[in-house]
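**Student:** Add chain B to chain A, keeping to what the hints say.
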Amino acid sequence: MKTQMSKQKVFISGDEAVALGVRLARPHVISAYPITPQTIVVERLSEMVEDGSLKARYIHVESEHSAMSAAMGASAVGARAFTATSSQGLLYMAEGMHYASGGRMPIVMMNANRSLALPWSIFGDHRDSLSMLDSGWIQVYVEDAQEALDMTIQAFRIAEDAAVLTPFMINLDGFILTHTYEIVDIPDQSKVDSFLPVFKTPNKMSLEKPKSMGFSTSPADNMEFKYQQHKAMLDAKDIIHSVDNKFGEIFGRSYGGMLDSYYCEDADYVLVTAGSVTGTARIAVDNLRSRGIKAGLIKLRYLRPFPDEELRAAAGDVKAIGVLDKDISFGYEGTIFTNVNSALAHLSIRHVSINFIAGLGGRDISIKDIEGIYQDLEEAVTVGKDKSFAKVRYVNMGVEIDG
Amino acid sequence: MVDIKKITAKNMTDKEFFFGHKACAGCGGSLAVRLAMKVFGEKTFAALPAGCMSAVGFIFPQMAFLNNAIISTFPGTGSMLSGMRAGLDALGFHDTHVVGFAGDGGTADIGLQALSGAIDRRDRIIYICYDNEAYMNTGVQKSGLTPYGTKTTTSPAGKNLSGAVTHKKNLFEIIAAHDIAYAATASVGYPQDYLNKLSKAARVKGTSYIHIYATCPTGWGISTETSVSLAKEAVDCGLWYLAEYENSTFKINRKLTKPELLKEHLLKQGRFKHLKDEDIKVIESERDRKWAQMMEKWG
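So the sequences go chain by chain: A and B. The opening position of the first sequence corresponds to residue 1 in this note's numbering, with each subsequent residue numbered one higher. The opening position of the second sequence corresponds to residue 1 in this note's numbering, with each subsequent residue numbered one higher.
Honestly, the hints are just simulated from the structure, not real lab data. Fair warning: this is a prediction, and the values are worked out from it, not measured in the lab. You may find that some hints are simply not true.
Stated by the list, open to error - If you anchor each label on the Cβ, the simulated ranges turn out as follows:
id, chain 1, residue 1, chain 2, residue 2, range
1, B, 60, A, 118, 55 to 65 Å
2, A, 163, B, 60, 43 to 53 Å
3, A, 396, B, 174, 25 to 35 Å
4, B, 12, A, 329, 22 to 32 Å
5, A, 228, B, 22, 43 to 53 Å
Unchecked claim - Computed footprint of chain A on chain B, listed as stretches where at least three residues anywhere in the stretch have a Cβ under 8 Å from a Cβ of chain A:
id, stretch
6, 41-49
7, 62-68
Stated by the list, open to error - Below, a list of computed lysine to any residue pairs in the SDA-like style, where the Cα atoms sit at most 20 Å apart:
id, chain 1, residue 1, chain 2, residue 2
8, A, 226, B, 59
9, A, 209, B, 91
10, A, 204, B, 113
11, A, 211, B, 91
12, B, 169, B, 113
13, A, 209, B, 66
14, A, 211, B, 268
Backbone N, C-alpha and C define an ideal beta-carbon position, used for all residues, glycine too.
Next up, chain A with everything else stripped away, as it sits in the complex (with noise of 0.2 Å):
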């Protein structure tokens, strides 16, 4: 097979893609346990490390608790540390999330989007990283394998900005973007360190000012350290767009910060996505306009912080929208619409909008799948004024919940 399409550009997968991308960042520590579909990424860094293309120290843990655990000792010396998970390892990991952002350690990690047991799947959803949504890590989900790539460069600035010190979880559905080749450009290794700075954080031990980290508090003390970690989660927004323009600037690929909108200006109809799923929605966009149907769509890039403001300007005047969630929150409804309502709820206009549950497990979502969800949010607004309709969907689904 030809991999090698010129110079920079190589035809590789998004687990490829995000281990080259930790390579260019030069980490000093990875600390990594093996899980289906994130496996590839620690594969690939070990074999980096062995032929000597990465400096790093690579530690092989008996568990994504350690895994964590032993990312976080490195941060607290000063290294630039990384690790990848997914799914129930995430789960695993979860105090030490906690813990990592508690303690403004910003280490960078890449989850794998999987589903989570019972039953068993190794198949994609984001159940896994939406139940972590409160664990105080930046949360990015990317679309393809060079926005993975970009991204787990971008992580690192972002989450050592002195204003931020908050870690970074770069998320990619499994399979659909682990498993799946693309062609991907390369950046140059001395653009990226020009881009990226050696990592320097005043909250680290050191000989020089020896310092106790991880500490207890009374009462009297805990709440402002929790409103400074929010406050530096919500100042990482201005931190995103910068680093993002600065990489536009530098490698002639920019995101659009928070969230990435498609033809919102005059759409009528919006769905708002994140992650992969978002690229097949953009077909569906492209067939429903030359059909002239004004339909929208909004990608979520960061899910925390959330883009409340930019999601109010991007979606404020159409007539319903949609929301694609490859997850429920059981009981309620898909965490994406819950947080996406009550960013809309500050709005004085009214929304029709709906929750499309999709994905589960795995299971396909088609172009035509997708089409149907804007035939639904469309329905809604000219029948549903009058009668109530269904605020949750299940798309794909066999079976029913009697209503």
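**Tutor:** For chain B alone, coordinates are given in the frame of chain A:
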């Protein structure tokens, strides 16, 4: 850094590295940390999981360690130490010590997996388990290192049970079974032996582990001034032992000298006051079995 000269109570540094903390009077654990830090010195990066020493030493804004220190997650001491070692090595700080101080529960129970991983990787870290034989920080609950017959808040002594129904997990040999570079047991009652072992651990190229028997007046129901003498007596009557494992070989550092003290030793402690003669027989026979085995294999 470590002086090759033998460190003793007479010549050890006056400098304190762990002070102003809120440990109970007579705390064996804090003594173990204090002595260790005097041997390891200021170029030490310490990690302590949830437990007594982290609870009493890191209360914002009063930090008790003079050197660099961090509280790790409860299960993650071993792996956090590995990450610190890797980070320091990557940044060129080779001339440093990375040391963990964890309690018996944090080591033998919840932290065992991460510790096993660190030893398996041969990471150059020092792990010190201060064993006060129960979860003391949370209020004296039974751990895997709580000995038979101990009354704790989760192994109460009553009509049906005489406290804990199992013997101490054999952690020293579990650690040694990794073929670790250096492992030792110690007691706060035998400080010179402990200092010797700390000095050895500081020079080891790979992983080292010291398991120190650390009395707890609060949890054991003993008076504070007997903390050191009871830790000594526990070794003398054979409920604890001083041993080493290096070059794949076990060695006993001190023979069983006063086996007859056992009953008296136990009944001095509030946690054992309820024991009946038949319970003490169980403890005695387990001690004898253990010592016979150690003498045969390592003596």
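**Student:** For each hint, tell me whether it holds in the structure or not.
**Tutor:** To see whether the hints hold, each was checked on the structure:
no.: 1; hint: B:60 <-> A:118: 55 to 65 Å; verdict: violated, 41 Å
no.: 2; hint: A:163 <-> B:60: 43 to 53 Å; verdict: violated, 22 Å
no.: 3; hint: A:396 <-> B:174: 25 to 35 Å; verdict: violated, 51 Å
no.: 4; hint: B:12 <-> A:329: 22 to 32 Å; verdict: violated, 58 Å
no.: 5; hint: A:228 <-> B:22: 43 to 53 Å; verdict: violated, 26 Å
no.: 6; hint: 41-49; verdict: holds (count 4)
no.: 7; hint: 62-68; verdict: holds (count 6)
no.: 8; hint: A:226 <-> B:59; verdict: holds, 16 Å
no.: 9; hint: A:209 <-> B:91; verdict: holds, 16 Å
no.: 10; hint: A:204 <-> B:113; verdict: violated, 26 Å
no.: 11; hint: A:211 <-> B:91; verdict: holds, 17 Å
no.: 12; hint: B:169 <-> B:113; verdict: holds, 15 Å
no.: 13; hint: A:209 <-> B:66; verdict: holds, 10 Å
no.: 14; hint: A:211 <-> B:268; verdict: violated, 41 Å
Hint violations for this structure: numbers 1, 2, 3, 4, 5, 10, 14, all remaining hints satisfied.
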